[in-house]
Structure formats: C-alpha cells, structure tokens
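Required output: the full structure, derived from the provided sequences and hints.
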Amino acid sequence: MKNKLDLELVSLTKRYGQTLAVDEISYHFGVGTYACLLGPSGCGKSSTLRMIAGHESVSSGAVTLGGRDISNLPPAKRGTAMMFQNYALFPHLTVIDNVAFSLKMRGVAAEERRKRAMSMLDLVDMAALSDRLPAQLSGGQQQRAALARALITEPDVLLLDEPLSALDPFLRIRMRAELKKLQRELGITFIHVTHGQEEALALADEIVVMNNAIIEQAGRTRDVFEAPKTAFVALFLGSHNVVSMPEGKVAIRTDAIRLTKPEAAKLPGTITNIEYQGTHVALTAAIPGNQDVTALLPDKDFFGNPKDVGEAIGLDWKAEAAHALAS
Amino acid sequence: MRKTSITGWLLASPLSLILLVFLAAPIAMIVVVSFWGATEWAIYPAFEFENYEFLLTSSVTSRVFLNTFKYAAITWACTLVIGFTVAYYLAFHIRTLTWQIVLFLLCTIPFLTSNIIRMISWIPFLGRNGLANSALISWGVIDEPVEWLLFSDFSVILAFVHLYTLFMVVPIFNTMMRIDKSLIEAAADAGASGWQTLWQVIVPLTKPGIMIGTIFVLALVMGDFITVRFMSGSQSANVGRMIQNDIALLQYPSASATAVILLVTVLLLIGTLLRFVDIRKEL
Numbered sequence: 000m001k002n003k004l005d006l007e008l009v010s011l012t013k014r015y016g017q018t019l020a021v022d023e024i025s026y027h028f029g030v031g032t033y034a035c036l037l038g039p040s041g042c043g044k045s046s047t048l049r050m051i052a053g054h055e056s057v058s059s060g061a062v063t064l065g066g067r068d069i070s071n072l073p074p075a076k077r078g079t080a081m082m083f084q085n086y087a088l089f090p091h092l093t094v095i096d097n098v099a100f101s102l103k104m105r106g107v108a109a110e111e112r113r114k115r116a117m118s119m120l121d122l123v124d125m126a127a128l129s130d131r132l133p134a135q136l137s138g139g140q141q142q143r144a145a146l147a148r149a150l151i152t153e154p155d156v157l158l159l160d161e162p163l164s165a166l167d168p169f170l171r172i173r174m175r176a177e178l179k180k181l182q183r184e185l186g187i188t189f190i191h192v193t194h195g196q197e198e199a200l201a202l203a204d205e206i207v208v209m210n211n212a213i214i215e216q217a218g219r220t221r222d223v224f225e226a227p228k229t230a231f232v233a234l235f236l237g238s239h240n241v242v243s244m245p246e247g248k249v250a251i252r253t254d255a256i257r258l259t260k261p262e263a264a265k266l267p268g269t270i271t272n273i274e275y276q277g278t279h280v281a282l283t284a285a286i287p288g289n290q291d292v293t294a295l296l297p298d299k300d301f302f303g304n305p306k307d308v309g310e311a312i313g314l315d316w317k318a319e320a321a322h323a324l325a326s
Numbered sequence: 000m001r002k003t004s005i006t007g008w009l010l011a012s013p014l015s016l017i018l019l020v021f022l023a024a025p026i027a028m029i030v031v032v033s034f035w036g037a038t039e040w041a042i043y044p045a046f047e048f049e050n051y052e053f054l055l056t057s058s059v060t061s062r063v064f065l066n067t068f069k070y071a072a073i074t075w076a077c078t079l080v081i082g083f084t085v086a087y088y089l090a091f092h093i094r095t096l097t098w099q100i101v102l103f104l105l106c107t108i109p110f111l112t113s114n115i116i117r118m119i120s121w122i123p124f125l126g127r128n129g130l131a132n133s134a135l136i137s138w139g140v141i142d143e144p145v146e147w148l149l150f151s152d153f154s155v156i157l158a159f160v161h162l163y164t165l166f167m168v169v170p171i172f173n174t175m176m177r178i179d180k181s182l183i184e185a186a187a188d189a190g191a192s193g194w195q196t197l198w199q200v201i202v203p204l205t206k207p208g209i210m211i212g213t214i215f216v217l218a219l220v221m222g223d224f225i226t227v228r229f230m231s232g233s234q235s236a237n238v239g240r241m242i243q244n245d246i247a248l249l250q251y252p253s254a255s256a257t258a259v260i261l262l263v264t265v266l267l268l269i270g271t272l273l274r275f276v277d278i279r280k281e282l
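So the protein lines, in turn, are chains A and B.
What the first sequence shows, in numbering that gives the first Met the number 0, is residues 0 to 326, in sequence order.
What the second sequence shows, in numbering that gives the first Met the number 0, is residues 0 to 282, in sequence order.
Keep in mind the hints are simulated off the structure, nothing from the lab.
One should not assume that every hint holds.
[Said to hold, decoys possible] Have a look at the derived ranges for each label pair, beta carbon to beta carbon: (1) A/Asn85 / B/Phe48: 54 to 64 Å; (2) A/Gly277 / B/Leu14: 33 to 43 Å; (3) A/Asn71 / B/Thr264: 49 to 59 Å; (4) B/Leu96 / A/Ser25: 30 to 40 Å; (5) B/Leu96 / A/Ser58: 22 to 32 Å; (6) A/Asn71 / B/Leu96: 21 to 31 Å; (7) A/Ser58 / B/Leu22: 56 to 66 Å; (8) B/Lys180 / A/Arg221: 52 to 62 Å; (9) A/Asn272 / B/Leu14: 56 to 66 Å; (10) A/Thr18 / B/Thr107: 31 to 41 Å.
[Unchecked claim] Listed below are the simulated BS3-like cross-link pairs for lysine-lysine, each with C-alpha atoms no more than 30 Å apart in a straight line: (11) A/Lys76 / A/Lys3; (12) B/Lys180 / A/Lys179; (13) A/Lys317 / A/Lys248; (14) A/Lys103 / B/Lys2; (15) A/Lys299 / A/Lys265; (16) A/Lys179 / A/Lys3; (17) A/Lys180 / A/Lys3; (18) B/Lys180 / A/Lys76; (19) A/Lys103 / A/Lys114; (20) A/Lys317 / A/Lys306; (21) A/Lys103 / B/Lys180; (22) A/Lys260 / A/Lys248.
Glycine is no exception: its CB is placed at the ideal position from the N, C-alpha and C atoms.
Below, the structure written as structure tokens:
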C-alpha cells in the first residue's frame, strides 16, 4: 500500500500522581503485524495504547514510528489512528460524514471527501448505510463505520481499544475474522487491546502479555503460548496447568497430560470433575499439595477407557512438555 | 382491563387536577376577561373585540413589543455567550466531579437572595456618583460621570444578564456533561483543531441544551416587568410594564388582552424554535 513503518516503545512510562500505570516497557512491533496487548483490566494496556495514540501524555520514554519520535506530536500528526472502545461515532453526523470528518477538518472539498469516504465504506461493506445516523446502526455496523473513519486517514498503525467487547459473542467471532482479513489486505500494523485470551490467540501474530504495568512476556503468539515464562502468562493464556514440582513451578499444557496408572505416573491424583466438551473431555484431578490439574483428553481416548469422579489416577507427560517458570 | 383503565385515570388525576386549577383555568379566565369591556369606573362582562382592536392598532403597542423583543434578543445573546463559556469550562476543563459540583454550586449562590435585592444592588454601583463612575474617574478613564450606566437600556440588560445567565448555564452544562469525552478524542484523532472540535462537535451536540436555556431566558425576559421598572427608572417600557400599568389603573380587560397577545407571541416564538431542535432527548 505504501512504505510501511515500524512502531517501537522505548522505556515507555505513565505515572498518574504516585501510581505507576505503565512501567518502562519496551517493545518493537514488526511492520505490518497484527499485535495484541493482552492483560487483565488495570494492567496498563489501555494506557499504553492511549500513549501511542497521543490521547495520554508520555511520562517518560518514547514512542517511535519508523525511527521518528512521535511521543509529543498531536494525535493526527502521528501516523496512527484509533478506533475507540465504544466507537465514538459523532451522533449528529451520518455515517458518511463521520467517515469524511477528518477530510473535512483538513479542508478537502465536499465532493472529493464524499468520494473517498464512499470508497472507504465500500471497503468495510457499509456503502448501503452511508446516510444513516449512528443511532440507527447495529453494534457491528457501528464498528465498521468506526473502522472506516479510522482508516480514511491512511494510518501506518491502527490502534483498536477493545474493539469487540461491545458485541455479542456470535458477532464478535465474525467481526474478529473481518478485522484479521482487513489487516491482511491493508498490510498495516494493527495494535489491538483486549482482555480476552481467546480473541488474542485467534487474531495476533504478536502478543504482548501485560500485568501490573509491565510486559510479562511478548513475542510471536505461538512462541509465547508454547513456552510461557511466568505462571501469570501460563494461567492468563489458559489451557495450561501450573504445577509446583520439586524442581520448581512448571507449566504443562492441558492437552499434554496423559492418564496412566497411579504407580507409574509423575503425579498421583484423584478425579474431582469431568466435563464433556464435545471433541474433548476436560478432566480435573486433585493432586498432593492441594493443587488442581486439568487434563484435556480427546473424547475417543476418554470413552475408550472411561473414568469416574473419585477414581485414583496417575498424571503423566513428556519431559519436554513441562516448561520451567520464573518464580 | 376495565379496572386498569380506572387505575390509570386515578393515577393521572392529581397532576391533571393541578394543571387544570393552576394553569388551564387561570389562562381561560384571562382569555375570557380579555373580551370584556371597561369604562373609567366599571368593568362589565361582554364579548367584544375593542381591547384587541385598540391594542393591535396602537403604535404604542408595537413600539413596546419591539422594545421587549430588543431586550429579549440582546439578553439572549449575552446569556448564551456567557452561559456557554461557563458551562464549557465546567464540563470540559474541570477534571474532577467534586470540583465540578463545587463550582456549579458556587454559580447558584447568588440565587439565595431575591431577584429584587440582586437587581437593586446594582443601583449604588452604577449610579451617577456610584462605585463604577468614581472608580473610572479616579483611574482617569473618564473626566465626568457616565450617565448611561444607570436608568438606561444598558442597566436593564445588565440586570437581565446577571439574573438569567444561570438559566442558560444549567441546561447547557447538563447537555455537555452527557457528551462522551471520547468524541473529543476522536475529533483530535481526526486532526480537528480546538475551534473545529468546538464548532463541529460540541456546539451541534449542545444544541438541545442551548434551546432549553433559550426558552427559559426568552420566557423570563418577555414576561418581566420589575427589572425594567427598577433598572430603567421607569423610563423604558416592555410588555410586562404595559400590563402592570393597566392593572394599576384597574383596566383588567385591557391587561388581559395584552397578556393574551404576549402569551401567543411567546408560544409562537418557542414553537418556531422547537422546529429546529429536538429537545425530547433532554427531557
């Protein structure tokens, strides 16, 4: 589309009085990636996004885009565009006027901006509703309009603040596919803030897991998921057990655990719960030390050798499936 | 089904009764009396158009109505500018809700004294040898007292603006507080300057509040008589003064007719304004 620029956070810090919201985080986002900032609420992910967008001042550190320090530029001069959590469409303007708003601010002639806004609306499949007011649109349609409005400024980086949280679960999955498709087509960097691990795994090429104002772990999504470095990351991404072993805490994927006889296993346990999940069966067992371990078993394996709650079992896994965690 | 309809009527009756007794009946009475006749010494029930005929053909009426409109228009413009500015400051520049409430209550403190006291307190300030003139003379801005400060259109409008600006501040502030702050950020994201954000986003979204404030101020200024009397030193007239004069002379039919014309004028004015802005969302 155009020469693409990479975004980098350099010791980025945000303080609100005494509170540290973002603590010297550094990360380099690859060009044209779909990145997710993932973390629980209050972890600093939204503050980070808002600092990149320019809606929050940077306390110290810098945000650079293509090597240029943009930390102190006004939002519109940064080469970023933001899609707000509640979409923030102007309620008094029609969809097309919302999309053309930034062109109008720049003094683009009415006909020209109408044309460009229309082509942007075509891109998000909203051309037919261009004359509606935001209040006359459904959540998904509002989101498309907001996307078109953000993209018309031709940003190098699109910032999305919990874009799917206002949608119902069904629509969320559909819109998530469309976001990904749009990002692939445009080839620009998307930075997407979310607290949903499923959403992050589904979308992200790169994932940045944040907690307590710092980056717990970041990198390519699969690398992070395959080898979580901390207990927080393992638990937040889900599908992992964190088990205290004599050699320290380890993370083991739930689907890497196999059932054996108690004597031969790495851990003995007692089944406390069995959940049928269609293709899989999630089996929870209590192990010594008051811990729970979940094993995700393919349904055929489980029903080939069914177990019952209260039964003693052995839990086993391949040595390479266990990842030592930083304490 | 029948029972619920009776309950409905019963529930609606207190308000209907109040409106009927205190609003509809008095207005009906005024309309009826406006058709009555009067001589120097008597009022007699009748149905004649003499009062209206006299009013609508007299040049005094049109002059007084014009003067009333002038007061209303200038007061409206001043209260709008001041009210919008104050509300904007409170809504967008004061960060914490506590301070917003504190400052907002501060705005209402003058309302703890009566209208008349607040009005009269201007007199020693604006008078020929008042504070304003002596200060200006001592600063050397003027050589002799300025005459138009008191008992003039200036002082009337000054008092109106002082009395009624809060009626503009409150509804505008109320509307502004409902504007999603992320809209301002979205405007900044789209490259809008401060003025562009103000004109393209905030003013359009504040219109219903402006309209409600406008209705308050227009209704108050159009119906006022006491401010005009005190602050103009009985040298200017508006419609309220005309009605008051008639009442003082016990010319109730004529006063009623003037009141009816005023009521119709204000209703037409407000009706026209409401065609432009939908205030239903604010109510």
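- prompt: Going through the earlier hints one by one, which of them does the structure break, listed in rising order?
  reply: Those not satisfied are hints 2, 8, 14.
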